[in-house]
Structure formats: C-alpha cells, structure tokens
Amino acid sequence: MRALADLAEQIGFAELRVSHEQNIVLPHVAQSDLMFVFDRLKREGLATANIGLLSDLIACPGMDYCALATARSIPIGQQIARRYQHLERELGPLKIKISGCINACGHHHVGDIGILGLDKAGVENYQITLGGRAGMDAALGEKMGPGFTEPELVLALDRLFEAYLALRLGSDEVFSETVSRLGTTPFQSALYEVADAA
1 MRALADLAEQ IGFAELRVSH EQNIVLPHVA QSDLMFVFDR LKREGLATAN
51 IGLLSDLIAC PGMDYCALAT ARSIPIGQQI ARRYQHLERE LGPLKIKISG
101 CINACGHHHV GDIGILGLDK AGVENYQITL GGRAGMDAAL GEKMGPGFTE
151 PELVLALDRL FEAYLALRLG SDEVFSETVS RLGTTPFQSA LYEVADAA
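Per my numbering, the very first residue in the sequence shown carries number 1; after that it's consecutive.
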C-alpha cells in the first residue's frame, strides 16, 4: 500500500480507488508514465497480469476478520490461487467468488464458481454454485449439492476443472460459455464423482 500511495502521489493526483472486484485502480495516469508505473509495480511484486483469471478471485474477510462469518474465506482463496496457478492461463477467464456466510459479501451467488462457507455441526463446510453472473444478464448461480469440507473442496475443484477442460469446445470457449452450453449437470457429476462411486 505504501508503494501504491507513493505512486499515486508521484503520478496519479494522490488518488487510489478500490473496485468492487477487490482490485486497486490508479486513476489519472498519463500514457507517457505507463512504463514508469509498470516498472515500479514490477519491482514491488505487483505487476501480475491476472485480471479476470482464477487468482483474481473475490473473497470476503471471512471468519478470520468478521464476527458474522461462519467459515474462513481468505485462506481458502489463497489455497485455490496457489493450487491452480499452473493452470490459470489454460483455464482462461474465470470468476471465483467466496463468501464466509450467507450475507454474501464475497458475491458468491454471481460467480462462475461461487463458494459459500457455512458451519455444519462445528465444521467449516463449503457449498458450490455454478453459472452465476453479474451485469445486464445477471443470474444467480445454481447450488450444486451438499457442501464439502476444506480438504474435499480442492479435490472437488480438481474434478470440476478437469471436466471443464475435457468438455469445452476449444481453448476459446471460456468456463461460463461451457456451463451455458451444457448446463450444470456434467459439472455437478464431476464435483460429486467420489461420493457417487461410494
């Protein structure tokens, strides 16, 4: 934040904005200053071009910082970002949104993949929704079924991403388009593959 504040003071009229998608915008930057900004951000480790990709997920504060939350969000988001970092470019544009309770501060209900953390008999449990979207054609995600414990969640996501890569028509078809074309059934089957086999 200090590096961003310094940059804002140097070239951005001392103004920073936080977007609803948890990104920081540095407004009022002259085109001639873009390379300077990029070089500075790169030195600070802030130049990752990941807007709209898996690691650009939204997570509410969750149980670590919010008295209303019933499950953790930020550590789940960090775990997802690290686990699938190697697949991020192959998966393409993907909006993952995580909420730590039904107040939905992470906007999970309008994510391509929504994750809602709940307390189930004292155990954090994560429910998945698919197919949500914001914008002029807004839609709520469809609940896929029972929730997963934290260790089960990443294994379920492994199966979900594997199914998407196998079912898409090509690398140009993004996750939301594949879900729109096929519906949620094949992805629901992938998520619960282990439970179905039992």
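If you are wondering where the hints come from, they were derived from the structure by calculation, not from laboratory data.
Treat the hints loosely; a few may be bogus.
Said to hold, decoys possible - Derived pair list, reagent style DMTMM-like, types lysine to aspartate or glutamate, alpha-carbon separation capped at 25 Å:
1. Lys120 <-> Glu173
2. Lys42 <-> Glu21
3. Lys120 <-> Asp172
4. Lys42 <-> Asp64
5. Lys42 <-> Glu9
6. Lys143 <-> Asp158
7. Lys42 <-> Asp56
8. Lys143 <-> Glu173
9. Lys143 <-> Glu21
10. Lys120 <-> Glu150
11. Lys120 <-> Glu177
12. Lys143 <-> Glu88
13. Lys42 <-> Glu15
14. Lys42 <-> Glu88
15. Lys143 <-> Glu193
16. Lys42 <-> Glu90
17. Lys120 <-> Glu193
18. Lys120 <-> Glu88
19. Lys120 <-> Glu142
20. Lys120 <-> Glu90
21. Lys143 <-> Glu177
22. Lys143 <-> Glu9
Unchecked claim - Each pair of labels, with its calculated beta carbon distance range:
23. Ala14 <-> Pro61: 36 to 46 Å
24. Arg82 <-> Glu177: 39 to 49 Å
25. Leu140 <-> Leu165: 42 to 52 Å
Keep in mind the model is a prediction, meaning the values are calculated, not measured.
Quick reminder that beta carbons are idealized off the backbone N, C-alpha and C, glycines included.
Verification of the hints:
1. Lys120 <-> Glu173: Not OK: Lys120 and Glu173 at ~36 Å, beyond 25 Å, violated.
2. Lys42 <-> Glu21: 21 Å, holds
3. Lys120 <-> Asp172: Between Lys120 and Asp172 the Cα gap is close to 39 Å, so the pair fails against 25 Å, i.e. violated.
4. Lys42 <-> Asp64: Not satisfied, since the Cα-Cα distance of roughly 29 Å exceeds 25 Å.
5. Lys42 <-> Glu9: 18 Å, holds
6. Lys143 <-> Asp158: 18 Å, holds
7. Lys42 <-> Asp56: Within the cut-off at roughly 17 Å; holds.
8. Lys143 <-> Glu173: 23 Å, holds
9. Lys143 <-> Glu21: 22 Å, holds
10. Lys120 <-> Glu150: At roughly 12 Å apart (the allowed maximum being 25 Å), Glu150 and Lys120 satisfy the hint.
11. Lys120 <-> Glu177: Cα-Cα ~33 Å, so violated.
12. Lys143 <-> Glu88: 24 Å, holds
13. Lys42 <-> Glu15: Holds: Lys42 and Glu15 sit about 20 Å apart, inside 25 Å.
14. Lys42 <-> Glu88: Roughly 20 Å between the alpha carbons, so the hint for Lys42 and Glu88 holds.
15. Lys143 <-> Glu193: Since the Cα atoms of Lys143 and Glu193 sit roughly 16 Å apart, the hinted pair holds (cutoff 25 Å).
16. Lys42 <-> Glu90: 23 Å, holds
17. Lys120 <-> Glu193: Roughly 22 Å separates the two Cα atoms, so the pair holds.
18. Lys120 <-> Glu88: Answer violated: Lys120 to Glu88 is near 31 Å, above 25 Å.
19. Lys120 <-> Glu142: With a Cα-Cα distance of about 20 Å, the restraint between Lys120 and Glu142 holds, given a limit of 25 Å.
20. Lys120 <-> Glu90: Given pair Lys120, Glu90 is violated - Cα atoms ~34 Å apart, limit 25 Å.
21. Lys143 <-> Glu177: Measuring from Cα to Cα gives roughly 18 Å; hence the hint holds.
22. Lys143 <-> Glu9: Violated - the C-alpha atoms of Glu9 and Lys143 are around 45 Å apart, more than 25 Å.
23. Ala14 <-> Pro61: 36 to 46 Å: Roughly 27 Å apart at Cβ, these two residues miss the hinted range, so it is violated.
24. Arg82 <-> Glu177: 39 to 49 Å: This hint is violated: roughly 26 Å between Cβ atoms.
25. Leu140 <-> Leu165: 42 to 52 Å: 25 Å, violated
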